[in-house]
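Turn these sequences into a full structure, and let the hints steer you where they fit.
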Amino acid sequence: MSDKSYLDEIRNFCIIAHIDHGKSTLADRILEQTSTVAQRDMEEQLLDNMELERERGITIKARAVRLNYKSDDGNTYVFNLIDTPGHVDFNYEVSRSLNACEGAILIVDASQGIEAQTLANTYLAIEQDLEVVPVINKIDLPSAHPDEVKTEIEDVIGIPAEDAPLISAKMGINIKEVMERIVTDIPAPKGDPDAPLKALIFDSYYDSYKGVIVYVRVKEGSLKVGDRIKMMATGAEFQTVEVGYMGATNLVPADELRAGEVGYIAASIKSIGDTKVGDTVTKCDAPADEPLAGYRSVNPMVFSGVYPADGSKYGDLRDALEKLRLNDASLTFEPETSIALGFGFRCGFLGLLHMEIIQERLEREYNLDLITTAPSVVYKIDKMNGETITIDNPMNFPDPSEIKQAYEPMVEAHVYAPSDYVGNIMELCQQRRGVFKDMKYLDKTRVDLHYDLPLNEIVYDFFDALKSRTRGYASYDYEFKGFVPSKLVKLDILLNGDVVDALSFIVFADSAYPRARKITERLKEHIPRQMFEVPVQAAVGGKIIARETIKAMRKDVLAKCYGGDITRKKKLLEKQKEGKKRMRQLGTVEVPQEAFMAVLKLDDDA
Amino acid sequence: MTHKVGLYIHVPFCLSKCPYCDFYSVRYSREEAERYADALIRNIKHYEREFDSVYFGGGTPILLHEHIAEILKAADITEDAEITVEANPCLAIPEFLDDLRRAGVNRMSFGVQSMNADELLFLGRRHSMKQAENAVRNSHDAGFENISADMMIGLPGQTEDKIKHTAEAIAELGVTHISAYILKIEENTPFAQSRPELPDDDRTADLYLYTAELLEKLGFMQYEISNFAKPGYECKHNLKYWRCEEYLGVGPAAHSYFDGKRFCVAQNINAFMNHQNEVITDDAPGGWDEYAMLKFRLTEGITYEEAKRFGKRDEFIRKAEKLPRSLVNITDRGVNLTKEGFIVSNSVISELVF
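In order, the protein sequence lines correspond to chains F and Z.
Following our numbering from start to finish, the first sequence increments by one per residue and tops out at 611.
Following our numbering from start to finish, the second sequence increments by one per residue and tops out at 375.
Hints listed in this document are in silico derivations from the structure and should not be mistaken for laboratory results.
In this text, a Cβ means the ideal position worked out from N, Cα and C, and glycines have one as well.
Fair warning: there could be bad hints in the mix.
Mimicking PhoX-like on lysine-lysine, the simulated pairs with C-alpha atoms at most 20 Å apart in a straight line are [stated by the list, open to error]:
1. Lys556(F) / Lys523(F)
2. Lys585(F) / Lys340(Z)
3. Lys25(Z) / Lys576(F)
4. Lys388(F) / Lys492(F)
5. Lys574(F) / Lys316(Z)
6. Lys576(F) / Lys282(Z)
7. Lys316(Z) / Lys565(F)
Here are some, though not all, of the chain Z residues that point toward chain F, as calculated from beta-carbon distances under 10 Å [unchecked claim]:
8. Pro40
9. Phe44
10. Lys261
11. His276
12. Cys285
Below is the structure:
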């Protein structure tokens, strides 16, 4: 077989879909139909193998699988399906995995139509010259309206959708048609196996036996076991120990990886930091002149303090974070100390979802009980002394007298929703200091609202607020735009006269007063009455701007201790002991963990 | 030193069940009571200890009046022992009281609860205020001098005036001891179903503090969270519970603290009639937590000496000093809870212990 023909029989593609539109189900069907997975190994959402992914129905990490498909044209094709994360937080990872493909299947729910995230990712795919094959899913639903959805795809995305396959991934209807379209519509990869090696890293994970396993798409050249390789951005060099393909349930070693192929490299790599997504792998002895375009290092956008509820678990938390970082190079953390919460870590995340996922994984997979502080974004401050500093932790906010000019990050946001909710959405964006840019009709009933919004206004609870104002119909997406000058102040919270450092946060000056009032109210609701009266105050620069009072506890007694039966009283004492463990002693005040989270949810209507 | 032991005898018979009560009880029948008395006697004979207090609790122990004498004969009881029988005021008729007196009973405890007709109705009590008065008078006539009455705090719509009326009326009858309990809705009681609207915590606390002060003005000094007595009339038997002294319990649902263990008898009268099955609830009692939890119920509190016995002296002082002075008294001798401390004692004790 000539080199030319092996490329002709490869199809590299991904699937783009909104949450719940059926991406994982279609992937499962494709795996079944190509008999890649024995029936006994088949489980739902095969590609999403993290428990959390299955539960939330989302993809967190990119993944890939190689399949063989015997087409109606008589040839057998190699399909490389690359599963991409669907969420804005992982935008960069999405763009890298798209870059490993020549085509994308766009799944649109026949009853829901196009959503913000789908559109954002489809645009990314089109920008990267991918062939987009629209597929309309869930046609078995009574509420399906495939013709309107087709029109929407054509109007909004601008690609033909007239003959888009109408399928039901769940019922297994028309899956074959999708497979054939992959063969006919998605171009075969190009590339010269004899050129200097250029392989794009689109994912990596840590395996305790083999070290870091790097997933690559070979763009040019080829790679064999024993070759010395170099990561062009990080400069790290390694000896290749194993190369191969991604089977559905295990890795399949091979002799070499050639241009156009998708596979993995194992090279006794110890640190995932050396294998950054987007970097180019080349050979040491015949290196490529320049790396593939588009690499950038991803920076965390959202920061929060993460503390063990039980101070003695600090070491466990550190170990858990280190383990998570083995598989997630975008997670950053460094030790932080809070007077209120003790020893913990300042963690950086790509976005809110990323933050929630990491916290949930720490709690579930590592069995840790955590207290997390309000998420903060990164601010820039020009100081009077000419210095410019960046701040991701309210504890480091300088004294107002030292600040010449503060800057906050802005994002460009698109909200997609039925037009009935335009008023509600605009009101919300306005409240969040949004700057209206424009509004487009996606079709007769749906709009795209375009706003510039300060990132710090959306990290708290924007999505919840948006959903509650649109009965769950709105979706949104954002992209970092840049820093803009802003008036910022640090809001401190005092309990019983003492500043609780872990509750401080940076806020837009004009929002300080209403925010202070709400937070003090929330704390009053969530902190149980103590044995003495507790003033809850909010202050800016030492000046109290809001106050609530938690009245002293009045009654907490087991009046009767009868007939020498002390079992009940003992149980109560045990319960109190347990309850005390869940409380944080902040100065003289005991604060339940829930109070830390409660202050984050400030939306009135949510 | 082998100190004397208390004997608790549970009498699980009632004529009817009060809607707030979750103590173990069954319907009374004469035959059943007779068989039950025999079972009690069989069990008590096993004990080879001397008892310096006996407490017949229930249920409605006075229903066993004919058998009390034989039961007491089965036990080795000191000359000066305090022997109490609980009774519903409407059953305190001279004949019954004479039986008890002759048997050696020297203390009566009546579930008066209230001297306000509407409150008695709410509590589903079978007696009237007149009967409460008669009960105490008949007891006096029968030769009882040490008499206790229960009253209840925190009833729906209860006012200070109503409490005052009850407290003064009871005091006037010439009782020596008053137990004032805050009504608590227990699961598996009719009140748990009907959910009467009780005063909120702030209001209940006000009523409790009012009651405690009022009773002291009437000469009943507080010695425990819910107990008040004329000087010298503190209930010796109940003090054993709070001072972590030994007591043995007989009858279904009776609890014991004896020989380094806490145990109880299953709540089943038929099973008990055959054999007293004891279930250990705590095989390593007597710890600091437990001691503090019980002892702080008393106005005497805990001395530094006592804390030292548990190796907790310094910790105990340090923790006490962090608490508001309105809740604890810190003296040269030790620490005790104030009235305001009592009403939030769960939290205060947990602060002092954990």
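Ascending list of hint numbers which this structure does not respect = Result: hints 3, 8 break, sorted rising.
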